[in-house]
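Chains as they are written, first to last, in this note's numbering: chain A, 49 to 228; chain B, 13 to 371.
Keep in mind that the hints were calculated from the coordinates and are not lab data.
There could be a bad hint or two in this list.
Straight line, CA to CA, 16 angstroms or less: simulated EDC-like cross-link-like pairs of lysine to aspartate or glutamate [to be verified]:
1. B:Lys194 <-> A:Asp116
2. A:Lys185 <-> A:Asp154
3. A:Lys185 <-> A:Glu215
4. A:Lys134 <-> B:Asp269
5. B:Lys320 <-> B:Glu266
6. A:Lys50 <-> B:Glu287
7. A:Lys132 <-> A:Glu156
8. A:Lys173 <-> A:Glu156
9. A:Lys201 <-> B:Glu287
10. B:Lys220 <-> B:Glu240
11. A:Lys132 <-> B:Asp360
12. B:Lys175 <-> B:Glu112
13. B:Lys194 <-> A:Asp104
14. B:Lys345 <-> B:Asp269
15. A:Lys132 <-> A:Glu51
16. B:Lys194 <-> A:Glu80
17. B:Lys369 <-> B:Asp269
18. A:Lys132 <-> B:Asp269
19. B:Lys194 <-> A:Glu77
20. A:Lys134 <-> A:Asp116
21. B:Lys318 <-> B:Glu262
22. A:Lys201 <-> A:Glu215
Derived list of chain A stretches under chain B, where covered just means 3 residues or more per stretch with a C-beta under 8 angstroms from a C-beta of chain B [unchecked claim]:
23. 73 to 87
24. 107 to 113
Ideal Cβ placement from N, Cα and C applies to all residues, glycine included.
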Amino acid sequence: MKEEIIIAGFGGQGVLSMGKILAYSGLMENKEVSWMPSYGPEQRGGTANVTVILSDERISSPVLNTFDIAIILNQPSLDKFESKVKPGGILIYDGYGIHHAPTRKDIEIYSIDAMNTAIEMNNSKAFNMIVLGGLLKIRPMVTLENVLLGLKKSLPERHHKLIPMNEQAIKKGMEIIKRV
Amino acid sequence: MAEEIRLMKGNEAIAHAAIRCGADGYFGYPITPQSEILETLMELKPWETTGMVVLQAESEIAAINMVYGGAGCGKAVMTSSSSPGVSLKQEGISYLAGAELPCLIINVMRGGPGLGTIQPSQADYFQTVKGGGHGDYRLITLAPASVQEMADFVGLGFELAFKYNNPAIILADGVIGQMMEKVVLPPFQKRRTEEEIRKNCPWAALGKTADRKRNVITSLELDPAVMEENNIRFQKKYKIIEKEEVRYEEINCEDADYLIVAFGSMARICQKTIEMAQEQGIKIGLLRPITLWPFPSQAIAAYTDKVKGIISVELNAGQMVEDVRLAVNGKVKVEHFGRLGGIVPTPDEVLSAIKEKLM
Chain A
49 MKEEIIIAGF GGQGVLSMGK ILAYSGLMEN KEVSWMPSYG PEQRGGTANV
99 TVILSDERIS SPVLNTFDIA IILNQPSLDK FESKVKPGGI LIYDGYGIHH
149 APTRKDIEIY SIDAMNTAIE MNNSKAFNMI VLGGLLKIRP MVTLENVLLG
199 LKKSLPERHH KLIPMNEQAI KKGMEIIKRV
Chain B
13 MAEEIRLMKG NEAIAHAAIR CGADGYFGYP ITPQSEILET LMELKPWETT
63 GMVVLQAESE IAAINMVYGG AGCGKAVMTS SSSPGVSLKQ EGISYLAGAE
113 LPCLIINVMR GGPGLGTIQP SQADYFQTVK GGGHGDYRLI TLAPASVQEM
163 ADFVGLGFEL AFKYNNPAII LADGVIGQMM EKVVLPPFQK RRTEEEIRKN
213 CPWAALGKTA DRKRNVITSL ELDPAVMEEN NIRFQKKYKI IEKEEVRYEE
263 INCEDADYLI VAFGSMARIC QKTIEMAQEQ GIKIGLLRPI TLWPFPSQAI
313 AAYTDKVKGI ISVELNAGQM VEDVRLAVNG KVKVEHFGRL GGIVPTPDEV
363 LSAIKEKLM
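Same shape as in the complex, but just chain B (with noise of 0.2 angstroms):
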């Protein structure tokens, strides 16, 4: 039977999707513009049913150690957050990675530094694929840039996960989370039993057997040859990651003169900016990353022959741009336009922006 379409906001549609993937555990703390995750995994009740684990934790710090936890026992857990407290759980997230965990992160950002404001931003792209936390490890990370791309990257997000052994974010931002649409949600997968765990994740920490040497989950390694091993096993992975997860959208990219490269809620905003140029007679195209890690820059590269100029529309003061300007290499003039601090432009501001900067 086809699934219902369903009206809900971004958040929401994360905490349906999470039961529905076969979620073990979410674990988080509230936080605007992304409360409505754990409220609503709350309302829902899934201890009841699928036999999820959801928990208020006494601090972002204590949630992302819980999913450290949860996740050493091969579990597929999560915990979401927004900017501030993403911040806290970077510690977290660093020996997740060192550690070769599996496990979903949510970042509903909003406008920073510090406590910031609660409004939308996407100030946090640095901090999400560059390291946030320290040593040289990355996050796959997950743009969506609309409610149902909200509730499809849950699942998408703990395939990856498990299929690296690597932490994968959800990098959404308040009007992600807050806005609704319409939605189809995943159908129901049952959790994995104990035995799948076992026979998936060999190396979970759920008990030794006779037949297998005592599984350690640890990011610590004090001889540094050995942990030179590890670095080197890690950044194969990444390599590899590179290599097989990118994925980008292009909306009206041919023959466009000039191209706009913008993800999650700003590709949205810029589409109907491209709407407007169209009626002035403007060719513009559209490439929205849907991986900021591994980024598309690639398929980026492939413009700086077709366009006259291309421009990284961002909520922040120019992140993203510093990738599209890597992968064109001085080819092609790349400009940024960005409002700060949780304010969102028009369409018709980025359209201003870009006659000003490119034209």
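Chain A with its partners taken away, still in its complex shape (with noise of 0.2 angstroms):
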């Protein structure tokens, strides 16, 4: 098994995070993960990305010139990213931030509407758990049980109050995600 993830939107989604949470969640299951991040002056407002991987193999380059699953979230990181999702992978987007939608035929188009559902849940900051939820429901590549672990790692102890919020925000990306 090998995942070549990139999750892309603006600094302050939570983007950086999110892949944080995934390569957590795969450390738990003994995979190998890489996770590269856009370290630049995009963390404070621009467009964020971060290449993830996990993989069963030793993971060569963390850097890549294209992605089985792109997570798109501000429309720059669709115009950059769409062309370079491998034929046949996955587009997941939220089109809260997206003025043209994917055109691609040849991959699957999948369209999560986190930001409104987040709105919803009266917690802006579960934005990004709702997109993760919503991935793992189109691509299983680790249990809820083990991102919950992952949580438990990545977050300070403090912030170990979040992770039921957290689960009910994964959760119900699981359900609102839609094949478009």
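From these two lone chains plus the hints, build me the complex, please.
Written out as structure tokens, the structure reads:
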């Protein structure tokens, strides 16, 4: 098994931390993992992206030209990464920040209304976990149990009380993702 | 008990490894993309456990001179920075080499010249292996290609520095510093006691005892005849290091038609290039220098009769390629491919370059 994933959006949307939780979940399943962020000024409001690789075998390059899965959370990221999804791959996007929907016919496209759902849940911070839930519904590459263990591992202890809220957000994401 | 497998950034791994290797002191000044080294050390508070000193100096220049002071006392001391900050340290590095002091320097390279960008680069190759500071000196240069090697090379760097009384440097880049991977940290080692330092480093300026002459730590020698002798002694030492300490890794090299030479993050990216080439029936091998000085010249020269061409792939305009060319001495075609200023090429870009330049 090998999943090469790009998560891209605005800085502040939780792109990097979503990737981190995915990476930690992979660690919990004894997979090989790599997490390569864009670490520039993007983190402070521009576009941010992170490449996450989960694999049963040793990972060669942490930097990739094409991806099995692209999770796209704003228009500039869609413009940049739609063409980088491997044929037959998966693109997941939230329509909230997207003005021109993806057009590729040779990949599976899913949309997830995560931003509006997070607002309905009265918790904008749940946004990235809703998206993660959607991803895991389509590609159950790690178990929910290991995601929660990964959360425990990656969050400082003072934030452990937020884990049940995150679990709820992941489950919500699994419900609302839909094929386009 | 087996050590736990953790997930962390290369920079964080260096900080953890420093404490575990029994380092006595870290002196540094923050700069992207390596600030997590200082930040992690501050978070781990080793002064409360092992007694290791962690200090944010007022500048990079102050930090390297604190290293000079600590190293002069035989302590295992280190500093880290990124390209522009390492340029500032060059005077101090030359003095450390001239005074034959062991220490560990870390450069997590970013795009230059000048203040440049904060994105990954390997454009400080020349600075690191060809001088940087003034005078005929050499730095033992380790080039990590994984988070695991970031952790492992802290101990190795100190070991080599103390073995040869010479500064060692870990030459990493923004990719290896910022990426997270699995890592097993080295086991805890106690810091050396003052007694042990006096025994192992009889030259250390720890205060004169009745049974020996005063120890003087200096790179200054106004008599050129004596200074020449000093230099001859350094060169003898460098020859021994060149003979004993070359390290490299060969991947897919058996019956390869083409050879990539790449270090650090570029060596990782090129492994993917090789996988892609295999799918197209093209046989490419990778020789990854782990020590950039001493350089694995003989290992590279061994391929002159075996491959149709060699390409040096670097995040710079062509620096290590000069050493590859010296190694093969015109016997096989040697080309260079690189991206500049903080741009990291993707594996397919490297494959296109190989096809264009070598096939």
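Hint-by-hint comparison with the structure:
1. The suggested pairing of Lys194 (chain B) with Asp116 (chain A) is violated, with an alpha-carbon distance near 22 angstroms, which exceeds 16 angstroms.
2. At roughly 21 angstroms between alpha-carbon atoms, Lys185 (chain A) and Asp154 (chain A) are farther apart than 16 angstroms, so this suggested pair is violated.
3. Between Lys185 (chain A) and Glu215 (chain A) the CA atoms are separated by roughly 13 angstroms; this keeps the pair inside 16 angstroms, and the hint holds.
4. A hinted pair counts as satisfied when its Cα atoms are at most 16 angstroms apart, and Lys134 (chain A) with Asp269 (chain B) does not qualify at roughly 28 angstroms.
5. Between Lys320 (chain B) and Glu266 (chain B) the CA atoms are separated by roughly 14 angstroms; this keeps the pair inside 16 angstroms, and the hint holds.
6. The hinted pair formed by Lys50 (chain A) and Glu287 (chain B) meets the criterion: a straight-line CA distance of about 14 angstroms does not exceed 16 angstroms.
7. Distance hint between Lys132 (chain A) and Glu156 (chain A) is fulfilled; the C-alpha atoms sit about 13 angstroms from each other, no more than 16 angstroms.
8. Taking the CA atoms of Lys173 (chain A) and Glu156 (chain A), the gap is about 27 angstroms. The hint is violated against a cut of 16 angstroms.
9. Between Lys201 (chain A) and Glu287 (chain B) the alpha-carbon distance is near 33 angstroms, which puts this suggested pair outside the 16 angstroms criterion.
10. With a C-alpha separation of about 28 angstroms, the suggested pair Lys220 (chain B) and Glu240 (chain B) falls outside the 16 angstroms cut-off, and the hint is violated.
11. Using a Cα cut-off of 16 angstroms, the hinted pair Lys132 (chain A) and Asp360 (chain B) holds, with the two alpha carbons roughly 12 angstroms apart.
12. Between the alpha carbons of Lys175 (chain B) and Glu112 (chain B) the distance comes to roughly 11 angstroms, so the proposed pair stays at or under 16 angstroms and holds.
13. The straight-line distance between the Cα atoms of Lys194 (chain B) and Asp104 (chain A) is roughly 13 angstroms, inside the 16 angstroms bound, and the hint therefore holds.
14. Only pairs whose Cα atoms come within 16 angstroms are accepted, and Lys345 (chain B) paired with Asp269 (chain B) is accepted, the gap being roughly 12 angstroms.
15. Among the hinted pairs, Lys132 (chain A) with Glu51 (chain A) is consistent with the structure: their alpha-carbon atoms are about 14 angstroms apart, no more than 16 angstroms.
16. Only pairs whose Cα atoms come within 16 angstroms are accepted, and Lys194 (chain B) paired with Glu80 (chain A) is accepted, the gap being roughly 7 angstroms.
17. A threshold of 16 angstroms between alpha carbons decides the hint, and for Lys369 (chain B) with Asp269 (chain B) the separation of about 14 angstroms falls inside it, so the pair holds.
18. For the hint linking Lys132 (chain A) to Asp269 (chain B), the alpha-carbon distance of about 30 angstroms lies beyond 16 angstroms, and the restraint is violated.
19. Taking the CA atoms of Lys194 (chain B) and Glu77 (chain A), the gap is about 12 angstroms. The hint holds against a cut of 16 angstroms.
20. This hinted pair checks out: Lys134 (chain A) and Asp116 (chain A) have alpha carbons roughly 6 angstroms apart, not beyond 16 angstroms.
21. With a C-alpha separation of about 14 angstroms, the suggested pair Lys318 (chain B) and Glu262 (chain B) falls inside the 16 angstroms cut-off, and the hint holds.
22. Of the pairs offered as hints, the one joining Lys201 (chain A) and Glu215 (chain A) holds, with about 15 angstroms between alpha carbons and a cut-off of 16 angstroms not exceeded.
23. Coverage of a stretch by a chain is defined here by at least three residues with a beta carbon nearer than 8 angstroms to that chain's beta carbons; for the segment 73 to 87 of chain A and chain B the count is 8, and the condition holds.
24. Counting residues of the segment 107 to 113 of chain A whose beta carbon lies closer than 8 angstroms to any beta carbon of chain B gives 7, which reaches the threshold of three, so the coverage claim holds.
Checked against the numbered hints listed earlier, the structure breaks hints 1, 2, 4, 8, 9, 10, 18; every other hint is satisfied.
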